[in-house]
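Colleague: Chain by chain, the residues:
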Amino acid sequence: MTTPWRSIALVLAASFIGSFGAVFLKSGSERLRNGFWNLFNWKLATGVLLFVLSSLFFVEGIREGELSVLYPMVSLGYIWTLLWSRLFFGEPFTRGKFLGLALIVLGVFFVGLGSR
Amino acid sequence: MTSATVPKPVPATKKPFTPRQSIALVFCCTLLGAAAQVLMKSGAETVAHPGVVGVLLGLFTNLTLLVGYCLYGLSALLLILALRDGELSLLYPVIALTYVWVTVLSVALFHETINIFKLTGITTIMIGVMVLGRSGMK
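These protein sequence lines are chains C and X, in that order. Plus 143 on top of the position in the first sequence (first one is 1) and you've got my numbering. Plus 9 on top of the position in the second sequence (first one is 1) and you've got my numbering.
For the record, the hints were derived by calculation from the structure and aren't laboratory data. Even glycine gets a Cβ: it sits at the ideal position worked out from N, Cα and C. A portion of the hints provided could be inaccurate.
Stated by the list, open to error - Cβ pair distances, simulated, as ranges: (1) X:Leu75 x C:Trp180: 20 to 30 Å; (2) X:Arg143 x C:Arg229: 19 to 29 Å; (3) C:Leu210 x X:Ala53: 15 to 25 Å; (4) C:Glu173 x X:Phe119: 32 to 42 Å; (5) X:Ala33 x C:Leu242: 15 to 25 Å; (6) C:Phe236 x X:Thr55: 19 to 29 Å.
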């Protein structure tokens, strides 16, 4: 069984959209410093919406194709998020982050391999 | 856009979370998220009508599904709280722990089989999260 390019593109898009969801959640969470009920703000709402959108792309993407290929691609979202964290929030790259992330991506790859 | 809203003179009584607390929050978030996924799966299997409409209707009639969604919301809330004071690049990958709990729960509750790949995978994820966690608590 091979994985159609369409599925790969959909799951890639899902990971990309989801990483921006995380950026909006982080950015919107700042408002919670001024009280819990600032929970309802447009940034958090956008973040949640992006996650919902990402899950729609993901579900459509994994309908066909191999999970062992598609699953690890979701964890690519963690790598995009590492980039955005530095770009938008000035968070430093560290060796621990690279190593931890590499292990996690590898782990998700194995989980995908075992999920045929 | 923030200039339009005058910041309220709220005293800074809310102490920020320490990195350790933020990581602990995300850890709880993954446990809740896994429980939510399991409940949503078992709830979705018993909805009367298939498809998106069936799931929507199921939210009103199917307690398992409803509790699953509530737990999901709660886990999202914990993530947001953790992100308030913690680094996104550190906390976000920790969510991969959800894979670990879901695999364990699927085996325990749904008697799904575990194989060497899944076992290797969840072990590697756990080591990765430990490496991240250690680097974040320094």
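Colleague: All the hints need checking, so say for each whether the structure fits it.
Modeller: Here is how each hint holds up against the structure:
no. : hint                            : result
1   : X:Leu75 x C:Trp180: 20 to 30 Å  : 24 Å, holds
2   : X:Arg143 x C:Arg229: 19 to 29 Å : 20 Å, holds
3   : C:Leu210 x X:Ala53: 15 to 25 Å  : 19 Å, holds
4   : C:Glu173 x X:Phe119: 32 to 42 Å : 40 Å, holds
5   : X:Ala33 x C:Leu242: 15 to 25 Å  : 21 Å, holds
6   : C:Phe236 x X:Thr55: 19 to 29 Å  : 46 Å, violated
In this structure, the one hint that does not hold is number 6.
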